[in-house]
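Here are the chains, one letter per residue:
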Amino acid sequence: MSKIDPAPAGGGAVAAAAPPPRGNALWVFALRVVGAVAIPIVAFYILWVTFDFLRDSEANRVIVVGVAVVVGAGGVFFLYWAMNRAVELLPQRYREGVRPWIFVGPAMVLLSVFLVYPVINTILISFKDAQSQSFVGLDNFKFVFTDESMLRSIRNTLGWMIIVPTAAVAIGLAFATLADRLRRGEAVAKSIIFLPMAISFAGASITWRLIYSFRPAGFGSNIGLLNGIMLGLGQNPVDWLSQHPWNNLYLMVIMVWMQTGFAMVILSAAIKSIPDEIIEAARIDGASEWQVFRRIMVPSILPTIVVVATYMVINSLKVFDIVFVMGNAELNQTEVIAERMIRWFFIGQDFGKGAAIAVVLFIVVIPVMVWNVRRFREEEMIR
Amino acid sequence: MSLAQAGDVEEAAEPVVAVPQGGGVGEVRTGGWFVRLTIVAVCILWLIPALGVLITSFRKEDLVNTSGWWTAFAHPFQAGAWTVENYRSALDAGGLGNSFLNSLAVTIPSTVIPITIAAFAAYAFAWMEFKGRYVLFVTVVGLLVVPLQMALIPILKLYVNGATLFDYVVFPQLHLNGTFLAVWLAHAGFGLPLAIYLLRNYIGSLPSSIIESAKIDGADHFTIFWRLIVPLSVPALAAFAIFQFLWVWNDLLVAYVFLGGERSVQVLTLNLANLVGSRGENWQLLTSAAFISMALPLVVFFSLQKYFVRGLTAGAVKG
Chain A
-15 MSKIDPAPAG GGAVAAAAPP PRGNALWVFA LRVVGAVAIP IVAFYILWVT
35 FDFLRDSEAN RVIVVGVAVV VGAGGVFFLY WAMNRAVELL PQRYREGVRP
85 WIFVGPAMVL LSVFLVYPVI NTILISFKDA QSQSFVGLDN FKFVFTDESM
135 LRSIRNTLGW MIIVPTAAVA IGLAFATLAD RLRRGEAVAK SIIFLPMAIS
185 FAGASITWRL IYSFRPAGFG SNIGLLNGIM LGLGQNPVDW LSQHPWNNLY
235 LMVIMVWMQT GFAMVILSAA IKSIPDEIIE AARIDGASEW QVFRRIMVPS
285 ILPTIVVVAT YMVINSLKVF DIVFVMGNAE LNQTEVIAER MIRWFFIGQD
335 FGKGAAIAVV LFIVVIPVMV WNVRRFREEE MIR
Chain B
31 MSLAQAGDVE EAAEPVVAVP QGGGVGEVRT GGWFVRLTIV AVCILWLIPA
81 LGVLITSFRK EDLVNTSGWW TAFAHPFQAG AWTVENYRSA LDAGGLGNSF
131 LNSLAVTIPS TVIPITIAAF AAYAFAWMEF KGRYVLFVTV VGLLVVPLQM
181 ALIPILKLYV NGATLFDYVV FPQLHLNGTF LAVWLAHAGF GLPLAIYLLR
231 NYIGSLPSSI IESAKIDGAD HFTIFWRLIV PLSVPALAAF AIFQFLWVWN
281 DLLVAYVFLG GERSVQVLTL NLANLVGSRG ENWQLLTSAA FISMALPLVV
331 FFSLQKYFVR GLTAGAVKG
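Read top to bottom, the protein sequences are chains A and B.
Here this note's numbering is used: position 121 in the first sequence is 105, and no number is missing along the way.
Just add 30 to wherever you are in the second sequence, counting from 1, and you've got this note's numbering.
Extracted from the complex, chain B is given alone in its bound form (with noise of 0.2 Å):
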């Protein structure tokens, strides 16, 4: 938000002032009832489904497969019912450690690494002057649309084959299928769009108050990115970075191609996609399998969470 959008607020609050409504200053921040009622259901509305999934991962296979899981709210405690038999064979199926390791390998670099090379551009979008910049970022836009499937052979082929233009070497043949670096550049650059998307709304809307005092203060463009806007954007940082850890956590399509699927660099989602092609159509352990999958990146959500905080730019407005 800049200043502009704070005059512009003071235009909106001017008709407000000559109606004053009821409620008192002091308890209009937190919400009553209706507030707390509507968020109750909202909440329950989107659990049901997740409740559908979790409850059928406890219960016993041919219980799965012949009534409905709601029904087991009927009889909670008839002996029997329950069962962890699921989870037990999901987490010996073998491997899981090791996939467990490979996709936090895959998914940490893969994380990290467009976060940084987006900050700097959507920086420069937002607060550099240079020709080209419309069309540059019209292009980052219109690249979100592109279909990762369509992407994947063309960059198989330039891995495995490189790639001339008029007999120059483009891109050296490296052989870089099957190893980490593959899948880590391919989703650094399939995340960019994004990335860089939402990073440039957010850092353009910064007060550029704080930006122009910062240079007459001296400061250049890199100092003002490191030391403000860094600092300032760690919420849609935050934000980014967990949307991109799950996208990359939950993806099997893009570390299948690239990393392929032996044992030794298998990710998680591949090895449980493998668990239950192997065992058919096993509604109770791909429910258990979806929960450990689950685990880690709401465990992510979780910590990242305290970072979307208030008042980050707190006093920086002074208008």
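Excised from the complex, chain A in its bound form (with noise of 0.2 Å):
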């Protein structure tokens, strides 16, 4: 038994002796679009009426957010139930080929709005010249694989996705694997390790550049903590992020940093979800404990692992801020593959080269993908 019967239990006689509804295919068809589309739109359009009186009015606050989470939340569960209520009127063969696109329509609604056609559209403007005027064919992506500092940016992309992923899930395996152990003060802990993901984005480059600052003899104390230990070592200052191809691994510890907490908590929850009984059951039969946690936690959070990987991964891939904000990347040579869209598409103002740039992100996450899908269909096999 491996999935759950596609007609609903009592039914289930009836929907297997009905014809398949092939004759009516188009009809199934308008329902699921229809289902799939409804939701979102009664929903919008409630909330748009909702809100279009407040519009820049000094309107309360406290009622703006109540509204919005009624409507928001609230609103949009009770659609959800008065289109399944609405499937439940089919006729019968109609109803379990429509119910899944009640459930996943309005997520797609929304991600062809506000994705998808933002991808549509990159892609399109990836083909044309600097100011999307006219289309140059290739000529953009002969750039993205020619051009030295691009090639670079590549590089050092490849490393980012590699060494931030396994430190972040190590670490914060680790980490949640021996917090869970703690008698007390395990929130404390985990609190200390999620605290850099809650710092914004200005405060955490204010806080490595606390780390990493750099001045020359003469040029006042260094005030850097790096610099510091060097000095108190009797050592000469070191310009840290300049020291080619090392700077690119310290940039590398900020965004492990900041992102161990998110692998950490993930972990974390998945672990507490490992039913005891087996836990206790292998302790029992005298298992230790860095076998249980090779030979049961491991495995059985294997893709939560993966999924957590995979994020770290996207991630790494999509970083941008830390190169952009600590130093010149061109001088440093440490160029990222986000890092140069942005530069060339909002600082350069030549938005050919920029989407090209994009293009190559989203060709370099294809193996991840598919490894995901893989995944996908083995933990099926064994449901």
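Take the hints with a grain of salt, since some may be wrong.
Calculated cross-link-like contacts (lysine to any residue; reagent style SDA-like; alpha-carbon spacing at most 20 Å) [as the list claims (entries may be wrong)]:
1. Lys161(B) with Arg358(A)
2. Lys161(B) with Glu363(A)
3. Lys187(B) with Lys256(A)
4. Lys256(A) with Lys90(B)
5. Lys256(A) with Leu334(B)
6. Lys161(B) with Ser205(A)
7. Lys90(B) with Ser205(A)
8. Lys187(B) with Asn68(A)
9. Lys161(B) with Ser96(A)
10. Lys187(B) with Val100(A)
11. Lys256(A) with Val290(A)
12. Lys90(B) with Lys126(A)
13. Lys112(A) with Gln179(B)
14. Lys256(A) with Val260(B)
15. Lys245(B) with Arg79(A)
16. Lys90(B) with Val343(A)
17. Lys90(B) with Asn68(A)
18. Lys245(B) with Asn68(A)
19. Lys126(A) with Val343(A)
Cβ pair distances, simulated, as ranges [unchecked claim]:
20. Glu292(B) with Glu264(A): 54 to 62 Å
21. Ser239(B) with Ala66(A): 49 to 57 Å
22. Asp113(A) with Thr253(B): 51 to 59 Å
23. Asp131(A) with Gly127(B): 36 to 44 Å
24. Ser239(B) with His228(A): 53 to 61 Å
25. Ile213(A) with Ala111(B): 18 to 26 Å
Hints are computed from structural coordinates only; laboratory data are not their basis.
Glycine included, C-beta positions come from ideal geometry on N, C-alpha and C.
Could you fit the two chains together into a complex? Lean on the hints.
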């Protein structure tokens, strides 16, 4: 028994006896589209009407938030419920063909507007010139794969994609496992690791400038912690962020510091959802703690580890702000793909090149997607 | 975790039986000095950078620029070394209370709406059978990689001009720009891929036995979702709620583009950015501002912490 029976229990026999709804494919399709689109449009309309009169008025924020939550979450939930009831009114053989689209449809509509449409837009302008006036064929892509700085950014990004997720997942997993065993203080310990995630980006850049800051002799005393330590040890201060290729690593440290909290929280939740009976049984059988970790915990939470790692890989692919604010990327040779994209698109005002670099980002992620689908399939096989 | 995985565990546990290890069964639950020492060491390592910010935020401007923050430890009681003036000038900058409320008005709906929508979609991806769900799921994972910055300009055009396809209005011209609704929808859209991805992983790993037995009891998908899946997914929902909250709270770009920079609708990050911008590179102001904006996210994290509890599915696997 691997999947839920697609027909509702009780009606299963009837559904099985009914002819397949092939002749009515058009109807089913139309119902699916209606089912998918109805919720977002109705919800949007209600929200829009509700807030139209609040537009740029000195509205009471507490009321705005209250109404938004009631309509935005409660109302949306009610719409799902109502649509589900509407599906019940359909003839038996249509129901289970339409119902999934009620569930996924609204998400797909939002995604189409806010992400798919911009992606298509980006792909289109990647074949156009700097001002998106005329098509230039593959010129922008030729630039991406020949420009020295671009090639370096691709190499650096590959480094980010490997090192940051590995470090963040390893530290996060170890910390979540160990903190789980603390008799008390688990919440405090986890909050400390999580703390950097709560810092806004401006805060984080200041934080690390207080670590890496460098002033050559004669330009005032060094206020960066690392150079403070170097001076304390009787060494000369070092301009950390221009030490190629190590400066890439120093920047990755910032990302690991900021993102390990994410890995730790998700992995910790997964560890806590492992049924106690299984772990206790292994312990009673005499398994050492390392064996419990290696043979029971890790296999049990493997899907979650994959999810966290995927997210980390994608996040390192998208990293730009750290590189952007911590010194001159070209001078220090710390360019990364997303940083190049922002620089060309927004600062260089060359929309064609910027968009082409973004398309490269989409392409780099394909192996990660393939890996995920394979895991998705495997997971369903063993269910 | 499914029944099949419980089976795996039994297999994995088998060789273990042959090699009994030291350590009594009673004391293995909590760690010894090694665990505590490691935790403390990592925590200190993680705290050092933040400590630098905290100390800097209480130091005087001239001291910040002439000596390292750690030197403050050398003379902790020196008269005039510490000051709360940085916090006072950050708080006095004007409009902070108002922008705090604006930030809340942006953040709360932007967190709640995508969670509701994503939970339904995640359930469908995990437990419903329909054509095209692999393709759709791959698309969702792929959309994780879309850089937010690339989406801003097309969405802004959509909000201002609407969109037509072959003369049909696909997206009406609604003048959404500058409204809270515009920001909520944008954040909901940008947050959905991660929400669906995380929640599908969690919901998909719930034991199939409980869902099948609910089916046998005559529950339909909606009832299963509402009565079983939502209560069992509380840790995942809480985790995503925290991330989305933090992300929206600390976001400057989306709020600035879609809401605008006017005083009445300014969010906290924008207010603080202006504060720092108008007074130059003042590290002592930046650091105190950073701590002010951090306060609420940390409260949220602490209060949601209690949902990361053990054993929500306890007893669910009879395995």
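Results of checking the hints against the structure:
no.	hint	result
1	Lys161(B) with Arg358(A)	holds, 17 Å
2	Lys161(B) with Glu363(A)	holds, 18 Å
3	Lys187(B) with Lys256(A)	violated, 45 Å
4	Lys256(A) with Lys90(B)	violated, 45 Å
5	Lys256(A) with Leu334(B)	holds, 15 Å
6	Lys161(B) with Ser205(A)	violated, 66 Å
7	Lys90(B) with Ser205(A)	holds, 16 Å
8	Lys187(B) with Asn68(A)	violated, 34 Å
9	Lys161(B) with Ser96(A)	holds, 18 Å
10	Lys187(B) with Val100(A)	holds, 15 Å
11	Lys256(A) with Val290(A)	holds, 17 Å
12	Lys90(B) with Lys126(A)	violated, 52 Å
13	Lys112(A) with Gln179(B)	holds, 19 Å
14	Lys256(A) with Val260(B)	holds, 17 Å
15	Lys245(B) with Arg79(A)	holds, 16 Å
16	Lys90(B) with Val343(A)	violated, 47 Å
17	Lys90(B) with Asn68(A)	violated, 62 Å
18	Lys245(B) with Asn68(A)	holds, 16 Å
19	Lys126(A) with Val343(A)	holds, 13 Å
20	Glu292(B) with Glu264(A): 54 to 62 Å	holds, 59 Å
21	Ser239(B) with Ala66(A): 49 to 57 Å	violated, 31 Å
22	Asp113(A) with Thr253(B): 51 to 59 Å	holds, 56 Å
23	Asp131(A) with Gly127(B): 36 to 44 Å	violated, 49 Å
24	Ser239(B) with His228(A): 53 to 61 Å	holds, 56 Å
25	Ile213(A) with Ala111(B): 18 to 26 Å	holds, 22 Å
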